[in-house]
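Visitor: Residues per chain are reported as follows:
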Amino acid sequence: MGWAIALHGGAGDIPRSLPPERRIPREAALRHCLDIGVVALKANKHPLDVVELVVRELENIPNYNAGRGSVLTTAGTVEMEACIMDGKTKKCGAVSGLTTVVNPISLARLVMEKTSHIYLAFDGAEAFAREQGVETVDPSHFITQENIERLNQAKEANRVQIDYTQPIQKEVKAETHIADGDSQIGTVGCVAVDNHGNLATATSTGGLVNKMVGRIGDTPIIGSGTYANRLCAVSATGKGEEIIRGTVARDVAALMEFKGLSLKEAAAYVVEESTPKGNVGLVAVSATGEVTMAFNTTGMFRACATEDGYTEIGIWPSPQT
Amino acid sequence: MGGWAIAVHGGAGVDPNLPTHRQEEAKKLLTRCLNIGISALRSNLPAIDVVELVVKELETDPPFNSGCGSALTAKGTVEMEASIMDGPKRRCGAVFGVTTVKNPISLARFVMEKSPHSYLAFSGAEEFARQQGVETVENDYFITGMLGMLKLAKEVNSILFDYRVPIESCSARAAATDSPLQMNGLPISIYAPETVGCVAVDSQGRCAAATSTGGLMNKMTCRIGCTPTIGAGTYACDLCGVSCTGEGEAIIRGTLAREVAAVMEYKGLNLQQAVDFVINERLDQGFAGLIAVSKNGEVACRFNTKGTFRGRWLGACATGDQCMLGGIWNQALWWESRRA
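Chains A and B supply the protein sequences, listed in that same order. Under my numbering, the residue at position 12 of the first sequence is numbered 12, and the numbers go up by one with no gaps. Heads up: take any position in the second sequence, counting from 1, add 1000, and you land on my numbering.
Please keep in mind that the hints were generated in silico from the structure rather than gathered at the bench. Be a bit skeptical, because a hint or two may be false.
Unchecked claim - Stretch-level coverage of chain A by chain B, calculated; a stretch enters the list once three of its residues show a Cβ under 8 Å from a Cβ in chain B:
(1) 59–68
(2) 241–250
Unchecked claim - Just a few of them, taken from the derived set where beta-carbon distance is under 8 Å, the chain B residues facing chain A:
(3) 1117
(4) 1120
(5) 1124
(6) 1222
(7) 1231
From the three backbone atoms N, C-alpha and C, an ideal C-beta is built for every residue, glycine too.
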């Protein structure tokens, strides 16, 4: 027992050759966000507050695909989604199609706490944001040069991709209509448990590069990208369509509950057995203070810490695994 | 074992004052749709085609809350949602915020098969519909005498499921407003809209599920419920196909449809056990009903009756072995046996 926290900045085909000027700021951001989360847990903040805080921070950092720095739709616009869930009560809130809200995760929390609904989207979500007085800005605030370039690359290659771009390679997998085979990163998320066993999860994203306008991913789908109950809290990242089909977040919890697997075993099973390789990553914590970060992609930006002093910040698989 | 099976539901309504002629109308329509599904299965149409066909029929007919006859948002408009899932390979498609597409379930199918995504909404979904050439109509095509109900809902300042007594009947209206069902101390009714759904397994053991709705009467615009949420309102895999209706938020929290499959897969329960478990254990607060089929040709329909109200749930099912049409109405089963 004890508190634990884990966060991710996206899973995908992150090349080992990632240049330092791109790697270092992202690692620093992970460290920074982890510290914020740890400080909050040590100050006895409820995990819901902790995950919201950390994800807000990740949303504000332009290097990650959420909030500012979100990838662009095919129309060159930003459509953000987020989701938050409380393990004990299973209360949850989700939003999609946001264009002006600075911190989508906070709006998701307001949906959870201030409405009788779970999921609001597009105009309705934006209107709700104004009613609630959350901070909104001009949509251009969220758009970064890096993402404009990603979109152009994707259009040239005529594919939809998760945001971690490699330089354009020849299309290797063309048998399905689903653009596939390239870098897959997307989404930020955080899960936390305190030493009373309270669990929470939060996920936020801009989605897929060059996605169709109105495309919804796994992030706001309870049970797919985000899920928490009394046993564990999970936040997933990767190729949204695969995460939805695999009901990834719910499955981790279901395996623990129905098959008696441990957190680590359940997470490993989901990423290794039930989802196609190269598509999925997740972070999860259990009510007893365990933490796991599992992925079947080349890498996943991630960080975690537990009360007994364990800390990990990484991108690629750690040597032991 | 083996053989086809099919179930359809027309949602859950809890108004005990629903006039008999409306009950009969609903039962007749459901039976007709079931028969359409049965014929399709008999002619070896794959399950995924069958569920789409049946739900299209339910959407096209006004009595249920989907497509034509959808409940209205607070602004008096219609925003429809639908999702479909094909068991083998677990392909899925979902749409919400659909305002002009005549058959949202068919659009969901197009998303599954013709787009790189699983889920499209609002202008994106509408645009895709036009690209695909699906049939579209004006938004007011879907609005069928619901404006009166919307007005009533606003008056009692609650979000209502839509199985309400038509306002013509004044005494019933008075009874309805006095009834504890509407308020319950909550700003929203916890009762279910008449979402429609169909699950089927064909003679090759392939399962599929489809669900469609207009959502809650007087809902905030752009509120999304369980119907387009894969894993909540709809789910299908190798083992089974499931479609749920009821209080959307409870179904989402309980990831109900996936839950049925998960306990079958991870705990080895059979279909009926799984359905019973989920209804009994997984709905903390909230009213819901579900229909499910298994790859072995079994069918199960259940709804819960928690709370002080008298639950009423409309569903019907049939299997290849027995060809029985059955339903649950006012907590009583009705069955008619039929020869093949």
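Visitor: Indicate, hint by hint, whether the structure satisfies it.
Guide: Going through the hints against the structure:
1. 59–68: That given contact is violated, which follows from only 0 residues of the stretch 59–68 of chain A lying within Cβ reach (below 8 Å) of chain B.
2. 241–250: This one holds; 6 residues, not fewer than the three required, reach chain B with a Cβ under 8 Å.
3. 1117: OK, holds: residue 1117 of chain B within 8 Å of chain A, min 5 Å.
4. 1120: Holds: closest Cβ of chain A sits about 5 Å from residue 1120 of chain B, inside 8 Å.
5. 1124: 2 Å, holds
6. 1222: Cβ of residue 1222 of chain B sits 2 Å from chain A, so the hint holds.
7. 1231: 4 Å, holds
Checked against the numbered hints given earlier, the structure breaks only hint 1 and satisfies all the rest.
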